[in-house]
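> Next come the chains, spelled out residue by residue.
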Amino acid sequence: MNSDARRARFERLAPAVIDAVRRYLARRTDPATADDVLSETLLICWRRLDDMPEEHLPWAYGVARNCLANAERGQRRHVRLLARISRLDPPPATVDGPGPPDGDLERALRSLTAKEAEILRLWAWEDLAPAGIAVVLGISANAASIRLHRAKEKLRKTLTSSGHEESTEGSRP
Amino acid sequence: MTDDDDLRARLRRADPAASLEPASPDQVAHLVEEAMSRTTRRWALPVAAALILIAGGTAWAVTRPATPEPVAAPTPSASASASASGTVVLFSTGIQAKCREPEPQRLAESADFAFEGTVQKIENGRVTLTVSRTFRGGAVGTVEVAQEGESSEQMLGSGKFEMGRDYLVAAADDTVMICGYSGEADSIGLRDLYEAAF
Chain A
8 MNSDARRARF
18 ERLAPAVIDA
28 VRRYLARRTD
38 PATADDVLSE
48 TLLICWRRLD
58 DMPEEHLPWA
68 YGVARNCLAN
78 AERGQRRHVR
88 LLARISRLDP
98 PPATVDGPGP
108 PDGDLERALR
118 SLTAKEAEIL
128 RLWAWEDLAP
138 AGIAVVLGIS
148 ANAASIRLHR
158 AKEKLRKTLT
168 SSGHEESTEG
178 SRP
Chain B
1000 MTDDDDLRAR
1010 LRRADPAASL
1020 EPASPDQVAH
1030 LVEEAMSRTT
1040 RRWALPVAAA
1050 LILIAGGTAW
1060 AVTRPATPEP
1070 VAAPTPSASA
1080 SASASGTVVL
1090 FSTGIQAKCR
1100 EPEPQRLAES
1110 ADFAFEGTVQ
1120 KIENGRVTLT
1130 VSRTFRGGAV
1140 GTVEVAQEGE
1150 SSEQMLGSGK
1160 FEMGRDYLVA
1170 AADDTVMICG
1180 YSGEADSIGL
1190 RDLYEAAF
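Chains A and B, in that order, are what the protein sequence lines are.
The end of the first sequence is residue 180 by the numbering used here, with every number in the run present.
The end of the second sequence is residue 1197 by the numbering used here, with every number in the run present.
To be clear, the hints were calculated from the coordinates, so they are not data collected in a lab.
Errors might be hidden in some of the hints.
To be clear about the criterion: a stretch of chain A counts as covered by chain B if any three or more of its residues have a C-beta under 8 Å from a C-beta of chain B, and this derived list gives those stretches [as the list claims (entries may be wrong)]:
(1) 32-45
(2) 58-67
(3) 121-131
(4) 142-154
Okay, the calculated bits of chain B under chain A, using three or more residues with CB under 8 Å as the criterion [stated by the list, open to error]:
(5) 1004-1016
(6) 1028-1036
Sample of chain A residues facing chain B (criterion: CB under 10 Å; computed from the structure) [what the hints assert, rightly or not]:
(7) D26
(8) C52
(9) R54
(10) D134
(11) A138
(12) R157
(13) R163
By construction, the Cβ of each residue, glycine as well, lies at the ideal position given by its N, Cα and C atoms.
Given only the sequences and the hints, what does the whole structure look like? Please build it.
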């Protein structure tokens, strides 16, 4: 592919990738890290444009996921500094947009393993089918399908039991 | 599968990005341009990076194959420091006008010194790395690199040397190789590139 065609393809793909990856990152990290990781993700998408499959969003999420993991590995080394900064300059709460906070759901998600919760987020928030989830996580479509099914079951079960225990709480819809 | 629909709807109501404004067209254009130009333009800025090899660097300089004269002549101050301390000074000539996709073959052909190291110290624009592995060239304990300013975009990953991080650095003909050939050790694809080349 010559360089003009390459640029044209990237310019065509990029707006959708930017929109999707911005959301992906806004759901998982603070705004400053999200900006950095978005730039890095786009750079890699541009450099590896020829590897990008037709179904490009799950692939781009996979790149963003790796970049975010890298960024967070680096940040862990400065964790004490970050903790200090967040005390001095607390990030805005992320719950100002969607409806009233769903405390039961948050608790239920926290009780799942990180992998289970992530599969559910990819399914509900990124709107991915098992095949797409498989691309993001680098697992087989079959495995993604089974894990998604189990995670849904587990979340449902947790929600049902917490609903019984905390039915007196006013924040439940 | 109405159970599934309910669960999904409930999860979606808790989506933290639900209120995220879409990026403005200007932002999108800026991000796109930045991604494309970081490999073709900003990466090729002439960076005044000088590698000073200490502890073993001299031996390597004596035994390495003869190389043609560097394109950029060493500045007087640099050569003075070289003769005073008996170390080798390497420059970035910034001669590459445009970057191609990094290729292991090119790295293998061009690099006459390549190492992995951790940044121990950054002082007065001089970065000291402890070498943990040498891919090519003689064994060296420590490498010093002059880092100009805060914004040099010579490294994959963090863009510049940062305290405590690991880097893979290649040098050719007395110059630091940029354009995707040097950067943070965990930059995607960089280690694979080095493993394939050396």
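> Hints first: check each against the structure and report whether it holds.
Consistency of the hints with the structure:
no., hint, verdict
1, 32-45, "holds (count 3)"
2, 58-67, "violated (count 0)"
3, 121-131, "holds (count 4)"
4, 142-154, "violated (count 0)"
5, 1004-1016, "holds (count 10)"
6, 1028-1036, "holds (count 5)"
7, D26, "holds (6 Å)"
8, C52, "holds (7 Å)"
9, R54, "holds (6 Å)"
10, D134, "holds (9 Å)"
11, A138, "violated (17 Å)"
12, R157, "violated (13 Å)"
13, R163, "holds (6 Å)"
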